Every structure is written in C-alpha cells, then in structure tokens.
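Participant: Residues per chain, in single letters:
Number of protein chains: 2
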Amino acid sequence: MKRILLVVAYEGTKYSGWQIQPNALTVEQVLNEELSKLLNEHIEVIGASRTDAGVHAMGNVCVFDSETRIPAEKICYALNRSLPEDVVIQESREVPKNFHPRKCDCTKTYEYKIWNADFVQPFNRKYTYFVYHELNAEKMQEAAQALVGTHDFTSFCSIHATVPDHVRTIYSCDVIREDHLITIRIKGNGFLYNMVRIIAGSLIKVGLGEKDTDFIEEALGKLNREAAGPTAPALGLTLVKIQYPEEILTIDNNSDEEK
Amino acid sequence: MKRILLVVAYEGTKYSGWQIQPNALTVEQVLNEELSKLLNEHIEVIGASRTDAGVHAMGNVCVFDSETRIPAEKICYALNRSLPEDVVIQESREVPKNFHPRKCDCTKTYEYKIWNADFVQPFNRKYTYFVYHELNAEKMQEAAQALVGTHDFTSFCSIHATVPDHVRTIYSCDVIREDHLITIRIKGNGFLYNMVRIIAGSLIKVGLGEKDTDFIEEALGKLNREAAGPTAPALGLTLVKIQYPEEILTIDNNSDEEK
Chain A
1 MKRILLVVAY EGTKYSGWQI QPNALTVEQV LNEELSKLLN EHIEVIGASR TDAGVHAMGN
61 VCVFDSETRI PAEKICYALN RSLPEDVVIQ ESREVPKNFH PRKCDCTKTY EYKIWNADFV
121 QPFNRKYTYF VYHELNAEKM QEAAQALVGT HDFTSFCSIH ATVPDHVRTI YSCDVIREDH
181 LITIRIKGNG FLYNMVRIIA GSLIKVGLGE KDTDFIEEAL GKLNREAAGP TAPALGLTLV
241 KIQYPEEILT IDNNSDEEK
Chain P
260 MKRILLVVAY EGTKYSGWQI QPNALTVEQV LNEELSKLLN EHIEVIGASR TDAGVHAMGN
320 VCVFDSETRI PAEKICYALN RSLPEDVVIQ ESREVPKNFH PRKCDCTKTY EYKIWNADFV
380 QPFNRKYTYF VYHELNAEKM QEAAQALVGT HDFTSFCSIH ATVPDHVRTI YSCDVIREDH
440 LITIRIKGNG FLYNMVRIIA GSLIKVGLGE KDTDFIEEAL GKLNREAAGP TAPALGLTLV
500 KIQYPEEILT IDNNSDEEK
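Residue numbers (the working numbering), protein chains in the order written: chain A, 1 to 259; chain P, 260 to 518.
The hints are simulated quantities; they were obtained by calculation from the structure and are not laboratory data.
None of these values were measured; they are calculated from a predicted model.
Any given hint could turn out to be false.
Partner residues aside, some chain A positions facing chain P, computed with beta carbon under 10 Å [claimed, not checked]:
{"hint": "1", "residue": "MET58"}
{"hint": "2", "residue": "TYR77"}
{"hint": "3", "residue": "SER82"}
{"hint": "4", "residue": "PHE123"}
What follows is a list of derived Cβ distance ranges for each label pair [what the hints assert, rightly or not]:
{"hint": "5", "chain 1": "A", "residue 1": "ASN40", "chain 2": "P", "residue 2": "GLN502", "range": "50 to 60 Å"}
{"hint": "6", "chain 1": "A", "residue 1": "LYS222", "chain 2": "P", "residue 2": "GLU326", "range": "50 to 60 Å"}
{"hint": "7", "chain 1": "A", "residue 1": "GLU85", "chain 2": "P", "residue 2": "THR366", "range": "33 to 43 Å"}
{"hint": "8", "chain 1": "A", "residue 1": "ALA78", "chain 2": "P", "residue 2": "SER431", "range": "42 to 52 Å"}
{"hint": "9", "chain 1": "A", "residue 1": "PRO245", "chain 2": "P", "residue 2": "GLY480", "range": "22 to 32 Å"}
Backbone N, C-alpha and C fix where the C-beta goes; we use that ideal spot for every residue, glycine too.
Make the full structure from the sequences, and use the hints.
Facilitator: Shown next as structure tokens:
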C-alpha cells in the first residue's frame, strides 16, 4: 500500500465544487471514479482544499492510498487520458503514508481576478468577475495591507462556516492592475469559508470609492461579518497553489516506519 | 443612412470562422441575424478580417449601413444583450459612408499562444497550442527577426490562397516567454491566408531545435510553401487588433459629401 499525492488543475465552471454531494457533479467524484477504474481498486481521495461551486484551481492537492504497481509519477499521464478536459493532473508522486493534506502546515495562494472594462472579454469571462465602474487598484492595494499578519478573520468569514477558530495568518495580499485586468493575489497559512471572496468583495468597495482605504482594517476589528463587504462571485477565484514543507512530502527510504 | 463600425471580440472555438457559409455557424451570420432583429432592417456586415474556423479575436472590425435612429455608440450595448456570450461587441461608432474595412491602409496585430509545459492547463486550453517538448524562445525570437520588413511571403502562404500579390510588410515579430506561456506577437500591414499559423509552425521547429535560427530567412528566400514549417493549429491564434488611421474613421461634419 502506498500513498500518492496529486496536484489537480480544474476549470470549476461546471462543477458543484470539490466535495462529493448527492445529485451534483464534483471534482472529487470525477477523480474517485476515474482512479478506481484506472487502478481497478476502490479509491477515495482526500482533498486539501474543498473549493466551492464555480471556483477554479491551478494546483489543488489530494492524496489516495493504492496497491497499484504503476510508478506514482506515471499515474498523472494515465489518469489524464480518461479525465474530462476541464480537469488535468499536473503532477503525481508518492508521499509518506502519514501525510494528510489538511493536517499539515502549508502555504496557500489564491488569486481573485476582476475584468474592469466597458465590456466583458469573451476569453476570460469564465475566470474573471466583470466590473463596469472604474476601480482604483492603488487604493485597493493600500487597503489590503491591513490583512497581512495574524488576525481573527471573523468579519471575513461566511456565517455558515463551522470551524470555531477564526485566526489565520496572511503573508501577503497584493492588488495588481495590468490594463483591464485586476488581480488580487493573497498568500496565507489557511483561509476560512468564503474568506477570499469576502476580501475581494470588500476591496472592490474600496476600489469603487464607496469605502475608504481604512475599511478593511476597521472591518477586521469589528469581528462581525456585517462589517465587511459582500461575497464576490465564485468565478473570479482560483486556488493557485498549496505549498507544503518538502521534508514532510519526502519518503525516508531508510526508515522502516514508512513501509 | 449611416455607416456604423463595430469592434468585435469572439472566442472562435465553436464557430466555423468569420465568413458566412452554408450549414455552418459563423460570426458574420450571428451578427447579421442579431443586427437585423435589433434594427428591424436587413443588415449585412462587411468584415475586415475573415478569420478561419477556431481562430479568436479581441478586435476584429466590421461595418454595416443602417437607417436606425439609435445613436451609433449605443448600438454595442443593445446588441450585446442579444449576442451569445462568446461574441462581445467592444465598441460601435459612426464612420464615413465610404469607409471600407478591407480597402484602407491598416495595421493588424495577431498573437499566437503556445502552452509549453508537461501538462495542458484547463484554463487556457482553448486559446493556446499545447507543446510538450521544451521550446527555446530566445532562438525563436532570433529567427523571427528575418520576417520584419517588406517581403514576398509566398513560402508562408497556404497553397489554397487566391490573392496574386504575396508582398506584405511586417513591422515587428516578437516571441515572449512568461513561465510556461510563449506568445508570438506579430504586427503588419496585412497577412496572407494561414500566414501567421505557418510562421508559428515554422518558429516552433526552430524552438524545438529541429531547425536553425536562419530557417525563417532561408524559407522566405525560396518562395515555396514547402520551404517553411507546418501550419500551427487555429486555436492558438488571436486577432488582437486592427488599427486604421484616425482621419479615415472620422466624419467631417462640415462636409456635405458625408450627408
């Protein structure tokens, strides 16, 4: 038995998110079905990030256990042949048997993309949130700096969240404009339910001039979801990558405990 | 009667190109049908560039004549409400009655995009040509410089082309790598049938190391389609913009001839 890690990219448009649920198509279900067929075993993946309906990923992570004799690093090629074209495995590798993608320290990077122009762009309409009124990206960048550091993010967490601890650390949050495209790039040790989308919705309020640049800092202090802005639509959000310390992914071939 | 210009963006994936043809969905047909419904007149657009099946556009141009009393610059908003989501008008304006989008000097900019990685990216799979083997973008850039200037591009023109004159002027051709994405950006006064795709296919041969950096210069000199590389797939190609001199687009309100 070995534990295999997959790096999974997907266009979330037609999926009801990552997590398996009745009567809806999810990325987890597609992976379980195709892996079970490919390896001729019953496979259930454990995902790192249960992205919401319509959210995209360039590098979500999951693991599964298998008796297969196919070399771990070849599984991505075999699996990509049977997956739908909007789900593509970017990497497969063997990891220690005790590695759990939700129970380790990691750094997650998300991007929220906004198309700020007079008209929608047909190319990126599925990956960007279209905002017609002009946004001031400099003010958004200024406001976003209040997020950096370790804070209680209750104001930026859906009221439907179930985790009790709302303290997270944000390493950086940058708002970059390239012509009509505004990218909010945020890196942290973890994110609460809807957190990046509420941050994006709040920064948009600042960009529109409806709120001042101290809006984010004030909202953080109030520990109340109503103090922050609205939840921006899912289609603008992409989970870019999840980075784990390399040592916890590496198999120690000299250790019996890994066998 | 006034002549109205549209700047048209489209994702070409599901269209059999621009030009109307029997038993196939084309961008021209969609525009004629929706404009005729909107303006309650029989409308036939004249396109600037008859892009091929699967080719995309951020800024193709067309004109049509109409008796409408809707202000020209409002037509884009009204038309976008009825167009499919993969065709979006970016601008509408009145132009002189004698302006013809194929019979004026203009500068056209195309981009050919290549995704050069181990795996396809689900986000841009419809807009980039996937190349697995590593491409040397610096060598492609070096080779591409032979295209700049005024040349007979017979070697880079489909044998199915019907125009007799194969002389065109290329103002610039640059090959830019950003991580896994390679963009060939080319600007010229006109392009022959399949010309950008043959240039892309030839530069890819150089990037793979199958041809030296003087391949493009040598192929140009031979005036023979067989001397150049293959035609790269349509999905990587985007017509970025068509620029006309502003004076030929501007209506002289003091002149009776325009009335």
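Participant: Go through the numbered hints given earlier and state which of them the structure violates, listing their numbers in rising order.
Facilitator: Going through the list in order, the structure violates hints 3, 9 and respects the others.
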